[in-house]
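Trainee: Please put together the full structure from these sequences, using the hints given.
One line per chain: the protein sequences are A and B, in this order.
For the first sequence, the residue numbers in our numbering are 21 to 272.
For the second sequence, the residue numbers in our numbering are 4 to 333.
With a Cα cut of at most 30 Å, we get these calculated DSS-like pairs of lysine-lysine:
hint : chain 1 : residue 1 : chain 2 : residue 2
1    : A       : K241      : A       : K176
2    : B       : K129      : A       : K111
3    : A       : K111      : A       : K151
4    : A       : K111      : B       : K11
5    : B       : K318      : A       : K111
6    : A       : K151      : B       : K11
7    : A       : K168      : B       : K11
8    : A       : K151      : B       : K16
A few chain A residues that don't get close to chain B, going by computed Cβ distances all over 12 Å:
hint : residue
9    : R37
10   : N41
11   : E45
12   : P57
13   : D77
14   : P204
15   : H230
16   : G237
17   : E253
18   : V259
19   : S267
Chain A side only, calculated, beta carbon under 7 Å to chain B, not exhaustive:
hint : residue
20   : R102
21   : R108
22   : F110
23   : H124
24   : V131
25   : E145
26   : N149
By construction, these hints were calculated from the structure, which means they are not laboratory data.
C-beta atoms are modelled at their ideal positions from N, C-alpha and C, and glycine is treated no differently.
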Amino acid sequence: MNVLKISNLGINFGGLRAVDNFNLEINEGELVGLIGPNGAGKTTVFNMLTGVYAPTDGTLQLGGVKYNGKTTYQIANMGIARTFQNIRLFKNCTVLDNVKVAMHDTYRYSVIDAVFRLPKYYRLEKQMNEKAIELLKIFSLEDYAESKASSLPYGKQRELEIVRALATNPKLLLLDEPAAGMNPNETKELMNTIKKVRDEFKIAILLIEHDMKLVKGICEKITVLNYGCVLAEGDVETVLSNKSVISAYLGD
Amino acid sequence: MKKFKLKKIDNKKKTFLYIFMIVVIYAIVMALTSAGIINRYYNGILITVCINLILVVSLNLTTGYLGQLTLGHAGFMAIGAYAAAYFSKTFMTIPQPFSFIIALLIGGVMAMIAGLIIGVPALRLKGDYLAIITLGFGEVIKTILLSMAIIGGAKGYIGIPRVTTFTSAYVFVIITIVFVCLLIKSRHGRAIISISEDEIASEASGINIVKYKIMAFAFAAFFAGIAGGIYAHYMGIIEPKTFGFNKSIEILVMVVLGGMGSINGAVIATIAITILPEMLRSLSQYRTLMYAVTLIGVMLYKYDPRVQVLMCKAKMFCAKINPFKRKEAK
Numbered sequence: 021m022n023v024l025k026i027s028n029l030g031i032n033f034g035g036l037r038a039v040d041n042f043n044l045e046i047n048e049g050e051l052v053g054l055i056g057p058n059g060a061g062k063t064t065v066f067n068m069l070t071g072v073y074a075p076t077d078g079t080l081q082l083g084g085v086k087y088n089g090k091t092t093y094q095i096a097n098m099g100i101a102r103t104f105q106n107i108r109l110f111k112n113c114t115v116l117d118n119v120k121v122a123m124h125d126t127y128r129y130s131v132i133d134a135v136f137r138l139p140k141y142y143r144l145e146k147q148m149n150e151k152a153i154e155l156l157k158i159f160s161l162e163d164y165a166e167s168k169a170s171s172l173p174y175g176k177q178r179e180l181e182i183v184r185a186l187a188t189n190p191k192l193l194l195l196d197e198p199a200a201g202m203n204p205n206e207t208k209e210l211m212n213t214i215k216k217v218r219d220e221f222k223i224a225i226l227l228i229e230h231d232m233k234l235v236k237g238i239c240e241k242i243t244v245l246n247y248g249c250v251l252a253e254g255d256v257e258t259v260l261s262n263k264s265v266i267s268a269y270l271g272d
Numbered sequence: 004m005k006k007f008k009l010k011k012i013d014n015k016k017k018t019f020l021y022i023f024m025i026v027v028i029y030a031i032v033m034a035l036t037s038a039g040i041i042n043r044y045y046n047g048i049l050i051t052v053c054i055n056l057i058l059v060v061s062l063n064l065t066t067g068y069l070g071q072l073t074l075g076h077a078g079f080m081a082i083g084a085y086a087a088a089y090f091s092k093t094f095m096t097i098p099q100p101f102s103f104i105i106a107l108l109i110g111g112v113m114a115m116i117a118g119l120i121i122g123v124p125a126l127r128l129k130g131d132y133l134a135i136i137t138l139g140f141g142e143v144i145k146t147i148l149l150s151m152a153i154i155g156g157a158k159g160y161i162g163i164p165r166v167t168t169f170t171s172a173y174v175f176v177i178i179t180i181v182f183v184c185l186l187i188k189s190r191h192g193r194a195i196i197s198i199s200e201d202e203i204a205s206e207a208s209g210i211n212i213v214k215y216k217i218m219a220f221a222f223a224a225f226f227a228g229i230a231g232g233i234y235a236h237y238m239g240i241i242e243p244k245t246f247g248f249n250k251s252i253e254i255l256v257m258v259v260l261g262g263m264g265s266i267n268g269a270v271i272a273t274i275a276i277t278i279l280p281e282m283l284r285s286l287s288q289y290r291t292l293m294y295a296v297t298l299i300g301v302m303l304y305k306y307d308p309r310v311q312v313l314m315c316k317a318k319m320f321c322a323k324i325n326p327f328k329r330k331e332a333k
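Mentor: In structure tokens, the structure reads:
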């Protein structure tokens, strides 16, 4: 059963056709890579998947349910979580609060529960704290729980963003260049963690990445975009040895 | 391995400390009043401080925590003031403490409704545009009030029962501060803060940002309305021009000086800025000049590294003598 099904997705920015006839199916527990040269439209695809841009045509389906026209937060609550190319954390909040913001929809209590500090507030806050610490432990970030998010080193901030995305309880996780700015050791560690996340949470992951080592290492399937069109798709070895893919990256 | 331990959700000792402070401050004021040291003049200043505190703490919710610049807070105050006053004057027969409380609540609710009406379209705008539309809203309210003969128009609305006492104003200050503090430390508060930190990330984390913007806006308007009601019942006469642009800016200045998104800072800044002009009364014609210079000085040196170092040292000192220090886990 596929988690995500995209058919004939396309978007126009004025006269520019940024993405054209994009098709993709992601099955449960699959790790899919989306690669392509700069400006190919990879992040635009992400933005359409999460409702930031409204696609001009095509349909988006999550678990068999069409979700075109839903707003970003509704899509997030349906089960698509994402990270950003340039880290977007809540910088002045604590690490713990960053994670707890994303649990907003899972643990619900009303304003009245909060303002009168009814038992429900304490019960759910406690559950939230426990769950948040559990998630932070995946990246061994739990010791930083009460420090400001902006005080974390760069690599840890990237990881915190993934934790925050996981906290929304997603079926599909979109990672936009998770390894950007990381050194080879950190990248290696990240690869293992991404695999671990996939196995432990049984979620599908779609990631944009320029680091081919990472893509080769963990992706089961890749799709190559160039000038908004799909250039090639399939398993890693065949796609990366495809002539047109090589020429798109390196020139003729 | 060291076992990781989180802070408690609500620190009981701190709560008791705050309750203790609330009681002590009230007791001191009451004692000084009965001793005759606080005369009617000082009492007036204290009530003004209370009214300003409600306004500033409520504006802090939208400007500080939500991060949206609004310039029409006095407009909500005006709606609250007139609605509460109108109720009090129409239903003079209801026995006093109840009438006053109902009047304030009506003022608050009316302001909240106005907040919703203006908030739904306005909060789709950002930054400067939101500031402009709220500024316009404040002026519109003022003009409407000026043209309504039934509530006195430009002559002012007179004959409102003067029932505000320090006690009633103080109670509402406490309610406002406690409400905002408790709201902020909940999932709703986290949602509001996350919007000011990063709207895009907040939405991608599943927060309905329109709902939370309107919620914060409506609560802020509600408390501004209550402040207006207290003001009306303190002065006994209200005129539209009091609730102009200057009043909005005055509240905003207090929020900004106190540090946006900080209740303690807002309280200190409000008390200082409300009392300062009164203290400087002896300087007669230089009074407003001094007031302006003080404001500019704070703005200039707030982020000065030397001042920051001093603040840091003060903070460390406070942490050292803090009786509620967390014990390190061994």
